[in-house]
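Protein chains: 2
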Amino acid sequence: MVVAIVGAEHVRADAPSLAAYGQDALGQGHPPDLVVMPANTQEVAAVARLCNAGRVPLVVRGAGTGYTGGAVPTSGGLVLSMERMNRILEIDEVNLLAVVEPNVINGDLQRAVEGVGLFYPPDPASLDTSSIGGNVAECAGGPRAFKYGTTKRYVLALEAVLPTGEIIETGSKAVKNVVGYDLTQLLVGSEGTLAIVTKVTLRLIPKPPTQATVLAMFADIQGAVDAVSALIQRRVVPAAIELVDDDSLRAVREHTGQEFAPPGTGAVLIVEADGTQAAVDEDIDRVARACRDVGAMRVTLAVDAVEREQIWSLRRLLSPALKATGLKKINHDVVVPRGRVPELFAVIQELKARYGLRVASFGHAGDGNIHVNLMVNPAAADETARAKDAERVLFERVVALEGSISGEHGIGFAKAPYLGLELSADEIALMKRVKAAFDPNGILNPGKIIP
Amino acid sequence: MVVAIVGAEHVRADAPSLAAYGQDALGQGHPPDLVVMPANTQEVAAVARLCNAGRVPLVVRGAGTGYTGGAVPTSGGLVLSMERMNRILEIDEVNLLAVVEPNVINGDLQRAVEGVGLFYPPDPASLDTSSIGGNVAECAGGPRAFKYGTTKRYVLALEAVLPTGEIIETGSKAVKNVVGYDLTQLLVGSEGTLAIVTKVTLRLIPKPPTQATVLAMFADIQGAVDAVSALIQRRVVPAAIELVDDDSLRAVREHTGQEFAPPGTGAVLIVEADGTQAAVDEDIDRVARACRDVGAMRVTLAVDAVEREQIWSLRRLLSPALKATGLKKINHDVVVPRGRVPELFAVIQELKARYGLRVASFGHAGDGNIHVNLMVNPAAADETARAKDAERVLFERVVALEGSISGEHGIGFAKAPYLGLELSADEIALMKRVKAAFDPNGILNPGKIIP
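From first to last, the protein sequence lines stand for chains A and B.
Here the numbering used here is used: position 164 in the first sequence is 164, and no number is missing along the way.
Here the numbering used here is used: position 104 in the second sequence is 104, and no number is missing along the way.
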């Protein structure tokens, strides 16, 4: 029995717990029948064998900050909460890597490695609450992905438990490894459907000596989009190019008591540069010039680390602020080829007009990865229905723009019905066979990714 | 019939052709029964269906420059040579990407994109002869992988044909994509055992405005190794840190009529920096100081592009020069965590002494990825046997150093017997199930990777 494996004090079956573990940041889901909190890899393997033998759905949960329901059951079963496996096991300054248990919080790891002059680039807006294991499961990105890439670029090796109970180790501590199939990269972004990650070895880089952040203010969204195009055309590659539209600015103003920019600002770009002082100065100069050339109202440089952090904390407040509107926030993280951001915003304008919805958009413009939030009042007649229609049109348009329906958040169960918009029947059938190669009985996170 | 698919003029069955297509740079292999040269994806799919129906081994071949036999049959069958699919289809300056057919030569692509101010970093020593399709199949690296990563970091999307004939498209032109399993990354490095890549979409970056190359000369290998450690410790991350040992220097001197460094030089480091002029100047200064601090005899800076290219062309001549010794060159590309390069060279010294072999070592020291060449005179009594013993000990030591038996060249059939040194039985069994998910009848490149 599972109690014998982890101890009674690490099993929950009370209604409040089951309700709590039946939801993540999506705010939907189904309560599990049991919540189990293992202490180590052997306990994880024992629980997996038990679930596999009994054909019990097994859903792995990190910090529960996901937006697509990846960490919650669709039909009961057992939630394996990794919350007790939360230690930084090793920060190796010689080999520039860290070894962590899955529930280390991203921000805690960043602070720990920066303390010794190293740097872990992936910085999802949830960095102070999301876990490395969850970041690996979804392949989390963040603003700095523009220059540094997403989580997958930093995962060197994984220890994982197969749903049938075998413990595997993928990759190695070497930065190159072509021995056999790249199971490490296959597991990153697999949303807990293939294996249970129990240990993560991450590549680190030297901390950039200098960072600088610019806030560019525009009269309207078009100005900001033109600036993004100008930066791409001029081949300026700072660390981050973030865009915030007027609806998002309004939400921050109304619900945080703070503001990015004076009223009348229709959109802002947040651009961060890092590296040597000389390189940063040159980047900032080119960024400011590009923004002014396309008609920025104002371009301001954060004077110090405090002001930098204020800007980025506001950026991270966007999602909470939109939630605080009281409207239902249907959050999509569509992505298009970076040069097609103007076309994506044309689609967003079309959706606003055609469906009479409030749509707040912000995000990683440099990557073509925009968080498009359909803001819905469930009480208002047919607004939910209109949002559903708008959602499908958005996804269709993004695929037509040679983009993808998710750049960071994954599919979970929320987007599973739309998988066929982007993948062919042959591709989905192949993914099902890959899934079966790992999980012959389909116990691991059923109902996710594949409809 | 296959002739009906590609036309008689694109099928070879004559003995010289079969012999030629039965070898790659490894110099071993088995001749195919037939060589087929398709013109497009549809022809590839038709040939695959035919082979699958007849259970005929199907071996995909690019430029045949691989070192582990990945492109040659182990037991006859059909070689599908991609040589006619060699067009650059698209260089997209707005979205910073290129779309190519598999047999575009790496160096041709580099020159083409640099012509419009863009940059494709992966630079295997074979860049003037190896194909992008082959680079993708093996996940090729090269000196610049130290700063820029290997091929996998640049592959955004693939068109591929399954051995059962379905045409799939993985990834997208967006730089982020987490829709379903990352089949793109799974196919990169899969050595033609899972699918036949017919189109590659590559991410490009802006061309670094400046490059500079330093040649540091040391009295012995220890000095060069100490310099690598110093650079890692000081967190200097130039574009490339290459090491060349005395046996390799000797081979260049004796067989190319050129030389890296005056006689008496026991080892050299080639360090390249790129970026803005200011950043390059700073990097070069730190590199030179680090090399002098550990006792470099001489540190010289290439004065211009011509001198830079001389240094790099010599670097690329190392393998041909070692081949020209007339000895059999058993080439291994082992990799260790970057800080453990000194321990790896201690192992190499031990092997030289213990087995009385000439061992020439050079390569990507910054990545911990060293090409260890056992130089064998097959005529000399039991030298081949001693090399076999040395090879196994080398692999065992590398795994003990938390490294990997291959960083770039892959497993093919040459290293397949050693897979179990690095991977557990459970891991190999899982890889076999993944293989079966793509290739149920096992027709694609049989005998490769998995013993």
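In short, the hints are calculated from the structure, not lab data.
Note that this is a predicted model, so its numbers are computed, not measured.
Any given hint could turn out to be false.
Unchecked claim - Computed Cβ-Cβ distance ranges for the label pairs, DEER-style:
hint, chain 1, residue 1, chain 2, residue 2, range
1, A, 354, B, 304, 28 to 38 Å
2, B, 93, A, 93, 53 to 63 Å
3, B, 93, A, 278, 20 to 30 Å
4, B, 396, A, 1, 40 to 50 Å
Using N, Cα and C, we set each Cβ at its ideal position, and we do this for glycine too.
- Query: Does the Cβ distance between residue 354/A and residue 304/B fall inside 28 to 38 Å?
  - Reply: 59 Å, violated
TODO: Could you check the hint for me, namely that residue 93/B and residue 93/A are 53 to 63 Å apart, CB to CB?
DONE: Hint violated: Cβ distance 40 Å, outside 53 to 63 Å.
task = Given the hint of 40 to 50 Å, check if residue 396/B and residue 1/A actually sit that far apart at their C-beta atoms.
result = 42 Å, holds
Cβ-Cβ distance between residue 93/B and residue 278/A: within 20 to 30 Å? 27 Å, holds
Comparing the model with each earlier hint shows violations of hints 1, 2; every other hint is respected.
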